[in-house]
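Trainee: Chain by chain, the residues:
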Amino acid sequence: MLEEIGKTEEGDLIINIGPQHPSTHGVLHLVITLNGETVKKVEPHLGYIHRSIEKMSESLSYRQFIYATSRMDYLSSHINNHGCALCVEQGLEVEIPERAQVIRVLMGELTRIASHVLWWGALAMDVGAITPFFHAFRERELLNDLMEETCGARLTMNYMVPGGVMFDLHPNFQRRVHEFISMFKSKIGEYDELVTNNAIFINRMKGVGYISREDAISYGCSGPVARASGVSCDIRKLYPYDIYGKVQLEEVLDDGGDCYARYIVRMKEMQQSLSVIEQLIDNIPSGDHMAKTKAVLKLPKGEYYSRVETARGEFGVYIVSEGKMTPYRIKYRSPGFSNLSAIDHMARGQKIGDLVAIMGSLDLVIPDIDR
Amino acid sequence: MTSEALKTAITALLPEAAFEDGREWLNVRIEAKDWKAFAERLRYQPGLDFDYLFCLTCVDWPAHMDMVYHLTSTVHRHTVVVKAKLEREDPAIDTVCDIWRTAEFHEREVYDLFGVRFNDHPDLRRLLLTDDWKGWPLRKDYEDPVNMIKL
Amino acid sequence: MTLKTYFSNIFSTIRSLLKGMRRTGYYFTHHKEIITQQYPEYKPPLPERFRGEVVMPHNADNEHKCTGCTACELACPNGTIKIVTKQEINAAGKKKKALDTFVYHLELCTMCNLCIVACPTDAIEMAQSFEHSVFDRNSLIKTLNEPGSKLEEGIE
Amino acid sequence: MALFLEFVIAGLLCIGLFAILGLVLVLMERKVSAYMQIRLGPNRVGPKGALQTLADTLKLLSKEGLTPRGADRFLFNLAPFVAMIGTMLLLAPIPFAKGFQLWDINIGVLYISAVSSLAVISILLAGWASNNKYSLLGAMRSGAQIVSYELSAGLSIIAIVVLTGSLSISDIIASQADGWWIFKGHLPVWIAFVTFIIAVTAETNRAPFDLAEAESELTAGFHTEYSGMKFALFFLAEYINIFIVCAIGAILFFGGWMPFHIGNWEGFNRIMDYIPSSVWFFGKTFFLIFVIMWFRWTFPRLRIDQLLNLEWKYLLPISMVNVLLITLVAILGWHF
Amino acid sequence: MGPASMIVLIISAVVFSAGAILLSRVLVQATPNPVKGEPYECGVPTIGKSWTQFNVGYYLFALIFLIFDVELIFLFPWAVVARQLEWLALVEILIFLFILFLGLLYAHRKGALRWV
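Just so you know, the protein sequences line up as chains A, B, C, D and E, in that order. Our numbering applies: residue 1 is where the first sequence begins, and numbers increase by one. Our numbering applies: residue 1 is where the second sequence begins, and numbers increase by one. Our numbering applies: residue 1 is where the third sequence begins, and numbers increase by one. Our numbering applies: residue 1 is where the fourth sequence begins, and numbers increase by one. Our numbering applies: residue 1 is where the fifth sequence begins, and numbers increase by one.
Check the hints yourself; a few may be wrong.
[To be verified] Below are the DSSO-like pairs computed for lysine-lysine, each with C-alpha atoms no more than 30 Å apart in a straight line:
1. D:Lys48 with C:Lys32
2. A:Lys301 with B:Lys7
3. A:Lys206 with D:Lys184
4. B:Lys7 with A:Lys41
5. A:Lys294 with B:Lys140
6. C:Lys4 with D:Lys48
7. B:Lys140 with A:Lys55
Hints in this document: simulated from the structure, not taken from any laboratory.
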């Protein structure tokens, strides 16, 4: 770090933002070089909560390692678990009952809404409006409650298992999802009143943190960050898994490339998720919620890669198997890691207040980045 | 492009490339020294346009190491997996972070956890661990009596 | 910037701000929308599937269903469960392995539910308690089978 | 001796007012924010949480006051005193009720404009002396911000002065005996009022202009390093400042302690006179305080360049033109 | 109470502040600790000096303010007599504000009001 001072010009200020800072969601540590209010360089220092989940997973069986992935991107733990389960199923070559597939997709979309709602509140808080954060939690709380009823946990679900889902749906599930849908639809207008149409908010977001389509691809961005730059990258559309191929889903694209575009993309994505839920909730096929699998799972020697679309983007699981009870090597391709790497590109030359807005618009979850 | 067409295109690019049967995607095994030039071709040659490096990692085998690059094209939607074998003693390979910017972080992570040196990387430092950390944690022979809990 | 856009800017800004104020003003005056729950006085009912801690139910005769097969111990990703078995002579006069102590490390448990799923005899289940904070870490190490308890009849 | 006793009583009264206002305003802020955020807010200490701020004060009293290493200790300790003195001095010309005024100075509004600019000095001192980068940035920001917004605040005060023809606060109130300026003065007074409210929100470092302590960027801005009682003093001074600027707003636009009168409706006016003048004063002031709190709990924060744009490209030109309009209204006698 | 109130107020402010600080000094046993004395920067040691040369952007606004604030002071005496002077006041202020406005326009054109 000492040599960095030598590289700076007179009048530059090096400031640490994070790990213990009120605006970094989690414990992101950014070392930024400032000139007055202008950001000259942003350098993320990662690893503050690195737990080496990849190394841990090497000593866990194929049933066990899934629980750890809930703790990576804790806001889309369902979808992370889904990706892992898909990867193991790929190796086992089991057929998943349709009921389980529908339940998985439903849970995934509910998780996406819950995650985006939290992001919405957190972004508003980053740019200084604190009230929306509490309003966001009202909706998120409903979702957590109804997921808790079926899965038994509110955050780290561990509900998806190789072969299906751990339990069948709770009898109240459908009714409560309907309640949520009608409630959410009545509240989404308030979101626009409080934040989306607010002139101060629009001014804080428009033209801030621009990233072009080419750069977004080169930086490996995915999810809403890439789609806001016009990169079509929705795994649910491009490489449909489970029953995503059969539902009506529109990929939300925007070519703004700035924070406001990312905001709009996520807001529209919530509507899309809602429409997927509405399509499926009354058509859950009856049947088993889980395929028969062996007590001890062994993946044949080889390599398996599966990817799913989490709330933050493309989550990939790469398993190298030696045919043993535990994987030889697991690599998690986390969306936040690549998205974060673009932050220097986005924030250079902007104000320090913009940097906070950019961080919010990237929707970073630090355990997902540090793993 | 289909897997077969990719195979012919890649053979034309790099005759030494060997193919492994991937389950889903075409797996190409190359020599580490060929990687940089090959990567540039993959990225910029019309018809291939592998512009999206969505996964970069390393696998530590008992006798050697494999760098694994998952590449896809947002134009043609075809995917290829490139693998390069490295020595376990002092592994090194050319960086590709000037071709795919995302590689800068991913290569730092691999350096951090596996100790693979990336030639010409602009900023090859530890990313996750502290700067004074000893050893490469994701290698199979890594032992850390302090931080690892044996269950 | 013409004078017209200058003023229309001002008006649209003020209008959007007033709309936001109307929304917060609505909540300020409508107290029935408040969602705060008064925690220690009011404890919301937890769903029956909520995963709070692993318990081993015993019936009225102080019998449990655990055969000591260690399926849960193997299923646990964190080494939360340690099963100590003993040799026992059953009614038929045959020597048989049986449960001696079922040690459960609550401090290591992540409530992943894998042990419950793995149990062939449904001997353990998840309880809804969640207020686990204690002053001494050792008090989180629990023995689940009660003293003097034995295996229920007919469970193999 | 009697004079000395008078001074002591006046001083004690001011200290008491300070303390009580601080407690009430902090509680009010927390309750307002809670209801807007569909929460209950403090409700454990005392009836409906009324004693919460008292408990917080006791907590702050029991905290160790830290001075960071390398800080300029003298200036660091001086800053909260400057903040308090600047705020306390502003109490002098404020009439809390009919005839209840410490000093009926004949240049009251000028005095207020002059003394209120002391606040920026305390913030700059605190930020500079802390040896902390966040503090320094926050102080610099608020320096640029507060001095800018003083202009439009001053111009909107001048608008009322043009109408009344006096700088004395008691004269300004007296001129509103037959109706408050906000009702008598047509559109220009409304523009002046809106400008005033925006400008004083910015001058007191309140959201959406709280850049000096933007917690998502600079953790706590200029008072990052302050803890214990020194922090409490800053906090107190901030809230009393809000009270005072709202009191000024009430005096200029809503007639201070003057009851609500309509022209020559004798009966109605007499009924209104039965309500004590202090109730009128505090009612109006607290209404304005509520509006400022309402802003805070609704809006996102502006960015520094947008903040200065708002002042120099919108508020200042508009209030300059507005002064012309007001002069026209005053000369033509268009006000009621 | 007259001008003496200023002295009373200053003394009471000092007494109040000093009293509060001293009271907390008496109540709290200080437990000094080198980590407590660190300047807060998110739990990371500060890199470089805090007191460095600072961006000129902030001071620019202070300078412009100075010009305008002095002009503002001139407005106060004018405002008091404006109603008596009637049309003369309007003409006078029109000229005055026009010049001021030109100054603002000049500053704007020069880019002094643009944040750098």
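Trainee: Take the hints in turn and mark each one as holding or not.
Mentor: We went through each hint and held it up to the structure:
The hinted pair formed by D:Lys48 and C:Lys32 meets the criterion: a straight-line CA distance of about 16 Å does not exceed 30 Å. At most 30 Å may separate the alpha-carbon atoms for a hinted pair to count; A:Lys301 and B:Lys7 meet this at roughly 24 Å. Distance check on the hinted pair: A:Lys206 and D:Lys184 sit about 41 Å apart at the alpha-carbon level, beyond 30 Å; violated. At roughly 42 Å between alpha-carbon atoms, B:Lys7 and A:Lys41 are farther apart than 30 Å, so this suggested pair is violated.
Proposed proximity of A:Lys294 and B:Lys140 is supported: the alpha carbons are some 28 Å apart, at most 30 Å. Between C:Lys4 and D:Lys48, the direct Cα distance comes to roughly 51 Å. Violation of the 30 Å bound is thereby established for this hinted pair. Of the supplied pair hints, the one linking B:Lys140 and A:Lys55 holds, its CA atoms being roughly 9 Å apart against a limit of 30 Å.
Of the numbered hints stated above, those contradicted by the structure are hints 3, 4, 6, listed in ascending order.
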